[in-house]
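Visitor: Single-letter residue listing:
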Amino acid sequence: GDSVTQMEGPVTLSEEAFLTINCTYTATGYPSLFWYVQYPGEGLQLLLKATKADDKGSNKGFEATYRKETTSFHLEKGSVQVSDSAVYFCALLYNQGGKLIFGQGTELSVKP
Amino acid sequence: AAGVIQSPRHLIKEKRETATLKCYPIPRHDTVYWYQQGPGQDPQFLISFYEKMQSDKGSIPDRFSAQQFSDYHSELNMSSLELGDSALYFCASSRLAGDTDTQYFGPGTRLTVL
Chain C
1 GDSVTQMEGP
11 VTLSEEAFLT
21 INCTYTATGY
31 PSLFWYVQYP
41 GEGLQLLLKA
51 TKADDKGSNK
61 GFEATYRKET
71 TSFHLEKGSV
81 QVSDSAVYFC
91 ALLYNQGGKL
101 IFGQGTELSV
111 KP
Chain S
1001 AAGVIQSPRH
1011 LIKEKRETAT
1021 LKCYPIPRHD
1031 TVYWYQQGPG
1041 QDPQFLISFY
1051 EKMQSDKGSI
1061 PDRFSAQQFS
1071 DYHSELNMSS
1081 LELGDSALYF
1091 CASSRLAGDT
1101 DTQYFGPGTR
1111 LTVL
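Going down the list, the sequences are from chains C and S.
Numbered continuously in the numbering used here, the first sequence closes out at residue 112.
Numbered continuously in the numbering used here, the second sequence closes out at residue 1114.
Derived by calculation from the structure, the hints in this document are not laboratory data.
Don't take every hint at face value.
[To be verified] Quick list of simulated restraints, FRET-style, between CB atoms: (1) S:Lys1022 with C:Glu76: 34 to 42 angstroms; (2) S:Lys1022 with C:Glu42: 12 to 20 angstroms; (3) S:Arg1028 with C:Val82: 34 to 42 angstroms.
Cβ coordinates follow ideal geometry from the N, Cα and C atoms, glycine included.
Sequences and hints are given; from them, build the entire structure.
Guide: Okay, here's the thing in structure tokens:
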């Protein structure tokens, strides 16, 4: 079945370090791909999305490119801040109105 | 901008009791989704509604039921609560009529079953 796999956390970085969180998916079609972020004690916030191959989503310095050939949607940021500490979820969606399928989440901790 | 509203934010119940969670979608959104997130887990889809009709169903126990009302708000009813039902319950909404696939999540209701 359809699934999303993320790199295991926690990921611990120093402030201003480069961030990559790997995400790969298994799907029979061409889903839309999303990154959501969950800050401690809060709900899920949409970070960015891409709806077709080679699309790049970007927001708040974060970027991810929809790679159909490698079935990946890796999240990157050039310089992380302490305020980026959160859990990041990669997710896929087949149809508008359908269910999101999430990866297991990757916890990011950024130290000053 | 208006967001998804969920109430209550926290709920504590005893085993075998019932609970009702409410969700108020973003104005003009026509689809509501419910997800359950266990401790340290990823959110799991429970059920969704489009224009007040159930549109999809996931791993929702038979003890749970849900509906969407004429004002588009939704309620998740949970009966015979078990310890394993302790989780964060998210509601999300989207606007299919607007041709967008983005689901916007509420802050969640944290249910603790003792």
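Visitor: Indicate, hint by hint, whether the structure satisfies it.
Guide: Do the hints match the structure? See the list:
Distance hint check: the CB atoms of lysine 1022 (chain S) and glutamate 76 (chain C) are about 38 angstroms apart, consistent with the given range 34 to 42 angstroms. The beta-carbon spacing between lysine 1022 (chain S) and glutamate 42 (chain C), approximately 19 angstroms, falls within the hinted interval of 12 to 20 angstroms. Between arginine 1028 (chain S) and valine 82 (chain C), the C-beta spacing of about 37 angstroms keeps the proposed range 34 to 42 angstroms intact.
Against the hints set out earlier in the document, no violation occurs for any number.
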